[in-house]
Amino acid sequence: MNAFLISIVLIFIFGVVVFCVGLKHRLIHGLNTHDLITIALFCSLLYVAGLPFKFGLSRVPFIHTFAYSIPFTAVLFIGIRIVPKMGTATLIILGHSLLSQLISRGINPLWWPYAFLAGFVLEMYFIITGSYLETRLNAVCAGCLRGLVIYLYFYLVSAPYIWHIHYAPWYVSIQTLQGVVGSGLGALIGFALSKPIIKAYRHGGI
Amino acid sequence: MIVILDSPLNLFLLFLAAFACFLAMGPPASYIKAALKIMAIAFLATMISQGFFYYFEPRTPLLVLLNKDSGPIGRFTGGITLYKEGLTYGMIQSMRLFSAALMSMVVVMSTYPSDLVLGLKKLGVPEKIGFMLTVSIRFLPALAEEAKRIMIAQRLRGLRLKGVRGNFKGFRYLIIPLIIDSLRQARRIALAAEVRGYTGKRTEIRGLKFTRLDGALLLAAIVILGAAIKYRFSL
Amino acid sequence: MMISVDNLTYTYPEAEYPAIENISLDLREGELILLIGPTGSGKSTFLYCLNGLIPHIFTGDMRGEIRVNGFSPKETSVAGMAKTVGTVFQNPESQIFMLRVEDDVAFGCENLMMPMEEVIARRDAALRDMGLVDMRHANTQTLSGGMKQRLAISSIYAMGPKVFLFDEPTADLDTKGRSEFIEIISKLKRRGHTILLAEHRYEDLLPLADRVISFDRGQVMHGVKAGNPFDQEMKQKTCDTDTAYEVELKDVTFSYDRKGGRKVLEGINIAVKRGELVAVCGDNGSGKTTLLKIMVGILRPDTGRVRVSGFDNPAIEDVVGRVGFLFQNPDEQLFTDSVEGELMFGPRQLGKNIDVEQYLGKTNLVAMRKRHPQSLSRGQRQLLAVFSIMALEPQLFLLDEPTTGLDDESWHNLFGILRELSNNGKTVIFTTHHEKAKKYADRLITIDRGGVAGSEISR
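Residue numbers (this note's numbering), protein chains in the order written: chain E, 1 to 206; chain F, 1001 to 1235; chain Y, 2001 to 2459.
Because the hints were derived from the structure by calculation, they are not lab data. Among these hints, one or two may not hold up.
Capping the alpha-carbon separation at 27 Å, the derived lysine-lysine pairs in BS3-like fashion look like this [as the list claims (entries may be wrong)]:
| id | chain 1 | residue 1 | chain 2 | residue 2 |
| --- | --- | --- | --- | --- |
| 1 | Y | Lys-2162 | Y | Lys-2074 |
| 2 | Y | Lys-2083 | F | Lys-1201 |
| 3 | Y | Lys-2250 | Y | Lys-2187 |
| 4 | F | Lys-1148 | Y | Lys-2293 |
| 5 | Y | Lys-2162 | Y | Lys-2273 |
| 6 | Y | Lys-2273 | Y | Lys-2438 |
| 7 | F | Lys-1121 | F | Lys-1037 |
| 8 | Y | Lys-2250 | Y | Lys-2263 |
| 9 | E | Lys-199 | F | Lys-1148 |
| 10 | Y | Lys-2162 | F | Lys-1169 |
| 11 | Y | Lys-2273 | F | Lys-1201 |
| 12 | F | Lys-1128 | E | Lys-85 |
A few chain E residues that face chain Y, going by a derived Cβ cut-off under 7 Å, partial list only [to be verified]:
| id | residue |
| --- | --- |
| 13 | Pro-196 |
| 14 | Lys-199 |
| 15 | Ala-200 |
Here are a few chain F residues that face chain E, going by a calculated C-beta distance under 8 Å [stated by the list, open to error]:
| id | residue |
| --- | --- |
| 16 | Ser-1007 |
| 17 | Asn-1010 |
| 18 | Leu-1011 |
| 19 | Phe-1053 |
| 20 | Tyr-1055 |
| 21 | Pro-1072 |
| 22 | Phe-1076 |
| 23 | Met-1105 |
| 24 | Leu-1143 |
| 25 | Arg-1149 |
| 26 | Ala-1193 |
| 27 | Glu-1204 |
All C-beta atoms in this analysis are idealised placements derived from N, C-alpha and C, irrespective of residue type, glycine included.
In isolation and in its complexed conformation, chain E is listed as follows (with noise of 0.2 Å):
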């Protein structure tokens, strides 16, 4: 068995442990019409801050996961802020990688744990925090935390698995800093703006 299954059946039974601890804390309220919806445009939008970086602004291997993860994270950390619900950030996470496939790369379900992944650390951080970003530090460690587990799940098992491409330990630690750093920053960033978003909302005017 090599890493890659491990992974998958790890993941999977992190996802029932989420359920279940979600369920027993009364969490899940469960999302309704608009609140899918809200969560759908988020995708979109997610793919649409995204495209920058695709096309030839930032491909500079070496700093393209700083500069991807800051937009990244901050609209993704907006899209919870505004529907502050167990099943946002799975959702939104998990619904923006499947449009990606959908519209441009093609499906491959090798790359659904790694959604699912990062969805589940978010999930799990907001139950046991107990705030869906509510304050500006439980949105720093929620978008340090996503950084961390996501690059280095990405560079230990995704790449070599899935792309049969290896990196050096030196190079992966850097990596994954600059996403620790980036979503961090990213989260600080979406926390800010979605102070007038939420007023705006709240008086009416939407």
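Fit chains F and Y to the given chain E structure using the hints.
What follows is chains F and Y alone, placed relative to chain E:
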């Protein structure tokens, strides 16, 4: 794991075949150019990175950038050396990657998005996620157009973006009105869905059927794969 | 009685006053009822009480009794009411879910869990009755505004409701779309459906209406409003022959696809004098928006010469500050954090100083100067967008369909502002498809299928 095609030449032929299929889909010239650019960059990057990161044996060093004992960076990285086998390995893996990627792009380019979503549902993806995907796909072009319009409107008000700081500013000025407008749109869409009786469950009149053509293609694919494996093992 | 309403009062959550108060009405089957009244008078709220959106989606305090075809919206879910009551909203874009026309028509029936054969039968019947059979396989994103609204209506029609509710359905449509809509309404009426239609502009609908109910501040008024109080004459002017030209287009052609695509504009020769107020008219797709974009430098013409404000074939950066451009959707142009910030943004970028107080006063937003622009009402946002461009003090002001989604009072305000600008020597050009807007201009330029079809003094 069984690896069937191993030599650079074979993989290059496979890549050409996949690229031909890609071109047969008739993508616009800008798309082809972008794809070629990305592939060229990825090819070089993979070759070089795998050249440096190759850790299987045997390996022959071609160029030593940094010795493992020279200074803190050397010790941290364990030495940076370019290996010949690594370069070849990088080439091979890129070819493999591109062939697979191009073929999956062909699938996506030749099929209507709603049919792709239907296919996903047949694979077991739940209805609500399928609906979400349909909405995302449906509204993506409109969102992209709106983003363009917002940026032009800002330029017309005198907004000038320079350098890294400009990127951050530009992002902030773009994303807030874009998201607020999307939220307004989301509320309207949700009302329209409610009024069309959306509850999460529905009878799907458009079905995907497994026809004889599908069966024949599947059979052909299995036969070719079997023959290739046999060929590989008889070498 | 198809619809009976008894003492209906509803207050939105966190609102101080009820949106509608003590409404009692009886409406017969097969009637076409026109609901008129200014924005905020309660027309939409009333409609939402009939289809179940109130109280199920919009919580809040609902009192009184309603029965629609025997059902009570309070007790039946929205999906349950959907079998009897169909609702069509203003924005066609947000009512289309699928990528193929025929899939969208079937969407409603699918949601009602009808058996497959019934869904297919209803879908085909709706395509036929609504005249969409030729386009059944078309991509929904390629449809015109009028067609999109027709699709939205078809998808509701297929569900087979007895009652149709329309909430400002033609506000976003051009003249052609509107006349197509009136045809559909007539057809529905002939088939015996009960129709409630809330609209701002209703003169051409009066012949079809069996009853007119007027709303004002949440209450039903009796008696029809005679005409429109804002239908006043605006003094027009003609320019002297030796005033300079602000905008000149000579032999301009343009197409989006350089390699032999359809020419959006061909052989355009236009000259606009300084200080003129010009309306560029034409249906959607005639090329009038493209024309405006060429004037401001967003698009470059394939051939021909463009001279704007002294610049030849300008790019955006050349004309910033001299030319102001208002896009159709004002919400896409409000991006700062406060009303006063929005007004000051443009001038600040250009290094100019303006008297913010003066502009705040003109927009009537002094009290809300610190509020976030996106939290204002629709009409206020439109006004703010217009003024934030005016704060740049441009010599030429271009507006693309500035009347979209505005009620009569806001129309009058807007054109008053434009008239004042023109009297002060600024040039104003706006595109419109509304007949009524034309009479506010000094001159009309009509664009039809990419060519100038007429340039006449407005009567």
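We went through each hint and held it up to the structure:
Of the pairs offered as hints, the one joining Y:Lys-2162 and Y:Lys-2074 holds, with about 18 Å between alpha carbons and a cut-off of 27 Å not exceeded. As the CA atoms of Y:Lys-2083 and F:Lys-1201 are separated by approximately 16 Å, the hinted pair is consistent with the 27 Å bound. A C-alpha spacing of about 46 Å is found between Y:Lys-2250 and Y:Lys-2187, which places the hinted pair above 27 Å, so the restraint is violated. Restraint check for F:Lys-1148 and Y:Lys-2293: satisfied, since their Cα atoms lie roughly 14 Å apart, inside the 27 Å limit.
Distance hint between Y:Lys-2162 and Y:Lys-2273 is unfulfilled; the C-alpha atoms sit about 55 Å from each other, more than 27 Å. Between the alpha carbons of Y:Lys-2273 and Y:Lys-2438 the distance comes to roughly 18 Å, so the proposed pair stays at or under 27 Å and holds. The hinted pair formed by F:Lys-1121 and F:Lys-1037 fails the criterion: a straight-line CA distance of about 34 Å is larger than 27 Å. Taking the CA atoms of Y:Lys-2250 and Y:Lys-2263, the gap is about 16 Å. The hint holds against a cut of 27 Å.
The suggested pairing of E:Lys-199 with F:Lys-1148 holds, with an alpha-carbon distance near 25 Å, which does not exceed 27 Å. For a cut-off of 27 Å, the pair hint linking Y:Lys-2162 to F:Lys-1169 is broken: about 53 Å separates their Cα positions. For the hint pairing Y:Lys-2273 with F:Lys-1201, the CA-to-CA distance comes to about 60 Å; that exceeds 27 Å, so the pair is violated. Restraint check for F:Lys-1128 and E:Lys-85: the C-alpha separation of about 16 Å stays at or below 27 Å, so the hint holds.
Of the supplied interface hints, the one on E:Pro-196 holds, with its beta-carbon coming within about 5 Å of a beta-carbon of chain Y, less than 7 Å. Interface hint status for E:Lys-199: upheld, as the beta-carbon distance to the closest one in chain Y is roughly 5 Å, under 7 Å. At its closest, the beta carbon of E:Ala-200 sits 4 Å from a beta carbon of chain Y; the interface hint therefore holds under the 7 Å criterion. At a threshold of 8 Å, the smallest CB-CB gap from F:Ser-1007 to chain E is about 15 Å, leaving the interface hint violated.
Checking F:Asn-1010 against chain E by beta carbon gives a least distance of about 16 Å; that is not within 8 Å, so the hint is violated. This hint is violated: F:Leu-1011 has a C-beta 12 Å from the nearest C-beta of chain E, more than the 8 Å allowed. Annotation: F:Phe-1053 was flagged as interfacial toward chain E, and the flag holds, the nearest CB pair being 5 Å apart, inside 8 Å. A least Cβ separation of about 7 Å between F:Tyr-1055 and chain E falls short of the 8 Å threshold, and the interface hint therefore holds.
Against a cut-off of 8 Å between C-beta atoms, the interface hint on F:Pro-1072 is violated, since the closest Cβ of chain E lies about 12 Å away. Interface hint status for F:Phe-1076: upheld, as the beta-carbon distance to the closest one in chain E is roughly 6 Å, under 8 Å. Against a cut-off of 8 Å between C-beta atoms, the interface hint on F:Met-1105 holds, since the closest Cβ of chain E lies about 5 Å away. Below 8 Å, beta-carbon pairs count as interface contacts, and F:Leu-1143 has one with chain E at about 5 Å; its hint therefore holds.
Because the closest C-beta pair between F:Arg-1149 and chain E is about 13 Å apart, greater than 8 Å, the hint is violated. Restraint check, F:Ala-1193 versus chain E: the minimum CB separation of about 5 Å is within 8 Å; hint holds. Contact between F:Glu-1204 and chain E, as hinted, is not supported at the beta carbon level, the nearest pair being about 18 Å apart and thus beyond 8 Å.
The structure fails hints 3, 5, 7, 10, 11, 16, 17, 18, 21, 25, 27 (numbered hints given earlier, in ascending order).
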